[in-house]
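**Student:** Under our numbering, the first residue of the sequence shown carries the number 1, and numbering increases by one thereafter.
Hints were generated in silico from the structure; no laboratory data involved. Some hints could be false.
Said to hold, decoys possible - Result set (DSBU-like, lysine-lysine): computed pairs, CA atoms no more than 30 Å apart in a straight line:
id, residue 1, residue 2
1, LYS180, LYS168
2, LYS292, LYS168
3, LYS332, LYS148
4, LYS274, LYS65
5, LYS168, LYS310
6, LYS37, LYS142
7, LYS311, LYS332
8, LYS292, LYS274
9, LYS171, LYS65
10, LYS142, LYS65
11, LYS311, LYS339
12, LYS254, LYS65
13, LYS142, LYS171
14, LYS142, LYS254
15, LYS311, LYS177
16, LYS332, LYS344
17, LYS230, LYS168
Said to hold, decoys possible - Label pairs and their in silico Cβ distance ranges:
id, residue 1, residue 2, range
18, ALA147, GLN55, 28 to 38 Å
19, TYR303, GLY259, 30 to 40 Å
20, VAL301, ALA147, 38 to 48 Å
21, GLN91, GLN266, 21 to 31 Å
22, SER198, GLY259, 42 to 52 Å
23, TYR303, GLN35, 31 to 41 Å
24, GLN266, GLU295, 41 to 51 Å
25, ALA169, ALA126, 14 to 24 Å
26, VAL301, PRO261, 49 to 59 Å
27, THR42, LYS274, 15 to 25 Å
28, THR75, ILE315, 41 to 51 Å
29, GLU306, PRO261, 32 to 42 Å
30, LYS310, GLY80, 31 to 41 Å
Backbone N, C-alpha and C define an ideal beta-carbon position, used for all residues, glycine too.
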Amino acid sequence: MKKYLRAAIIIAVMLSALVLTSCGKDSSTQGSDTQMKPVYWTMGTHQSAATNYIQQDVDFAEAVKERTNGLVNITVYAAGELPYNATEFAQLVSDGTIEMAAVPSSYIAGECPTSAVSAWPMLAGAVDEVNPALEAADPYVKAELNAKNIEVVGSQAYPMQTMFGSGKAPKTLDDLKGLKMRVFDPYQADLLAAIGVSPVSMVMSEVPSSMQKNVINSSLTGVIGAYEAKWYDICDWAYLMPVAASNCYMIINKSLLDGLPADIRQIIYEEGEKYTEAVNAYNEEAIPNAAKRLEENGVTVVYPSEEDIKKMEAIAADFWESWSNDYTDSVKECYKAIKSALNK
Numbered sequence: 001m002k003k004y005l006r007a008a009i010i011i012a013v014m015l016s017a018l019v020l021t022s023c024g025k026d027s028s029t030q031g032s033d034t035q036m037k038p039v040y041w042t043m044g045t046h047q048s049a050a051t052n053y054i055q056q057d058v059d060f061a062e063a064v065k066e067r068t069n070g071l072v073n074i075t076v077y078a079a080g081e082l083p084y085n086a087t088e089f090a091q092l093v094s095d096g097t098i099e100m101a102a103v104p105s106s107y108i109a110g111e112c113p114t115s116a117v118s119a120w121p122m123l124a125g126a127v128d129e130v131n132p133a134l135e136a137a138d139p140y141v142k143a144e145l146n147a148k149n150i151e152v153v154g155s156q157a158y159p160m161q162t163m164f165g166s167g168k169a170p171k172t173l174d175d176l177k178g179l180k181m182r183v184f185d186p187y188q189a190d191l192l193a194a195i196g197v198s199p200v201s202m203v204m205s206e207v208p209s210s211m212q213k214n215v216i217n218s219s220l221t222g223v224i225g226a227y228e229a230k231w232y233d234i235c236d237w238a239y240l241m242p243v244a245a246s247n248c249y250m251i252i253n254k255s256l257l258d259g260l261p262a263d264i265r266q267i268i269y270e271e272g273e274k275y276t277e278a279v280n281a282y283n284e285e286a287i288p289n290a291a292k293r294l295e296e297n298g299v300t301v302v303y304p305s306e307e308d309i310k311k312m313e314a315i316a317a318d319f320w321e322s323w324s325n326d327y328t329d330s331v332k333e334c335y336k337a338i339k340s341a342l343n344k
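Construct all of the structure, not just a fragment, from the sequences and the given hints.
**Tutor:** Structural data, given as structure tokens:
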């Protein structure tokens, strides 16, 4: 009898130890280890490999891999490393050709018109206007992309999309007339044409060669991107008119994301929030520093007068209503929400 009692006690102790060991494990991916096999995802980006923004994409991917214990593996590709144009990323993510992308709002405006509203010229170009505009647009953008099997998990805000070029530096708005300037959405093209500039649409990676071939002699882009991409090698001046904001969305194929265990999805969303916060913190310091560094590298930096800024905004404002009327009610509602957030 004692022998059986002793055996029962030993078994009970072993079972208790097993339960305690299980309870003590990190639960962040517990259960997922047996419910899913590792996945390997491709993430396309529009940035060159030299930029801090793409490093933030890499940091996101590494954090997700670490927190999921290697279950979600994301390979980040810089501009030109995939056989696709960045303007195709939304469709490619939607149909699952690639699993993820970090893509500017203007590049996905065809699939998601509301994504471009916050980037309409002169609507939210100043640094302190960007985040309120993006927050106001957020529910409309997410709903529109969800309908196309795309989920947004994070974003990078690019304030101060402004003007760069070669040759004599402009001092006033009127000095821009006759330039051939790269744009990256049709709204910028409308505004620039109205002030006498010839707009040429192309993605950022095509700008250096196009400048060298005189296809264009100027370009819109952000001050941070221009510095990090070493545009001081191809540009003589920067005219810091706050033409527009731009937002880069981190998007994932919704069906793939929804198919992951809930704890894995939660990790991806949490890292997406950290990604967004990191970019905002970086921008606060990087924007003034980028302008300074451009100047140190020989670029003539010109700050437009308040009069010219107000003149540019007045010209743009005439377009806002007509642009909103060209689209569905969701675009009109998104536009009204942004105007309200900015008190315009």
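**Student:** All hints, please: hold or fail.
**Tutor:** Quick rundown of the hints versus the structure:
1. At most 30 Å may separate the alpha-carbon atoms for a hinted pair to count; LYS180 and LYS168 meet this at roughly 14 Å.
2. Simply put, LYS292 and LYS168 have alpha-carbon atoms about 19 Å apart, close enough for the 30 Å limit, and the pair holds.
3. Only pairs whose Cα atoms come within 30 Å are accepted, and LYS332 paired with LYS148 is accepted, the gap being roughly 20 Å.
4. Annotation: proposed proximity of LYS274 to LYS65 holds, straight-line Cα distance about 15 Å (limit 30 Å).
5. Annotation: proposed proximity of LYS168 to LYS310 holds, straight-line Cα distance about 24 Å (limit 30 Å).
6. Pair hint LYS37 plus LYS142 holds up; C-alpha atoms about 28 Å apart against a cutoff of 30 Å.
7. The straight-line distance between the Cα atoms of LYS311 and LYS332 is roughly 24 Å, inside the 30 Å bound, and the hint therefore holds.
8. Between LYS292 and LYS274 the CA atoms are separated by roughly 28 Å; this keeps the pair inside 30 Å, and the hint holds.
9. Under the criterion of a C-alpha separation no larger than 30 Å, the hint pairing LYS171 with LYS65 is inconsistent with the structure, at around 49 Å.
10. This hinted pair checks out: LYS142 and LYS65 have alpha carbons roughly 25 Å apart, not beyond 30 Å.
11. Taking the CA atoms of LYS311 and LYS339, the gap is near 18 Å; set against the 30 Å cutoff, the hint holds.
12. For the suggested pair LYS254 and LYS65, the alpha carbons sit about 19 Å apart, so the restraint of at most 30 Å is met.
13. A hinted pair counts as satisfied when its Cα atoms are at most 30 Å apart, and LYS142 with LYS171 does not qualify at roughly 40 Å.
14. Distance check on the hinted pair: LYS142 and LYS254 sit about 11 Å apart at the alpha-carbon level, within 30 Å; holds.
15. Using a Cα cut-off of 30 Å, the hinted pair LYS311 and LYS177 holds, with the two alpha carbons roughly 15 Å apart.
16. This hinted pair checks out: LYS332 and LYS344 have alpha carbons roughly 15 Å apart, not beyond 30 Å.
17. For a cut-off of 30 Å, the pair hint linking LYS230 to LYS168 stands: about 19 Å separates their Cα positions.
18. A hinted range of 28 to 38 Å for the beta carbons of ALA147 and GLN55 is consistent with their spacing of about 32 Å.
19. For the hinted restraint 30 to 40 Å between TYR303 and GLY259, the CB-CB distance of approximately 50 Å leaves it violated.
20. Between VAL301 and ALA147 the CB atoms are about 43 Å apart, so this pair conforms to the stated range of 38 to 48 Å.
21. Separation of GLN91 from GLN266 is about 28 Å and conforms to the stated range, judged on CB atoms against 21 to 31 Å.
22. Remark: the range hint 42 to 52 Å for SER198 to GLY259 is upheld by a beta-carbon distance near 47 Å.
23. At roughly 57 Å, the beta-carbon separation of TYR303 and GLN35 lies outside the given 31 to 41 Å, and the hint is violated.
24. For GLN266 and GLU295, the Cβ-Cβ distance of about 45 Å falls inside the hinted range of 41 to 51 Å, so the restraint holds.
25. Checked against the hint of 14 to 24 Å, the pair ALA169 and ALA126 passes, with Cβ atoms roughly 22 Å apart.
26. At roughly 50 Å, the beta carbons of VAL301 and PRO261 sit within the given window of 49 to 59 Å.
27. Here the CB-CB span from THR42 to LYS274 is close to 22 Å, well matched to the stated 15 to 25 Å.
28. For THR75 and ILE315, the Cβ-Cβ distance of about 44 Å falls inside the hinted range of 41 to 51 Å, so the restraint holds.
29. Hint check: GLU306 to PRO261, Cβ distance near 54 Å, so the stated range 32 to 42 Å is violated.
30. Distance hint for LYS310 and GLY80: a CB-CB separation of about 39 Å, consistent with the stated range 31 to 41 Å.
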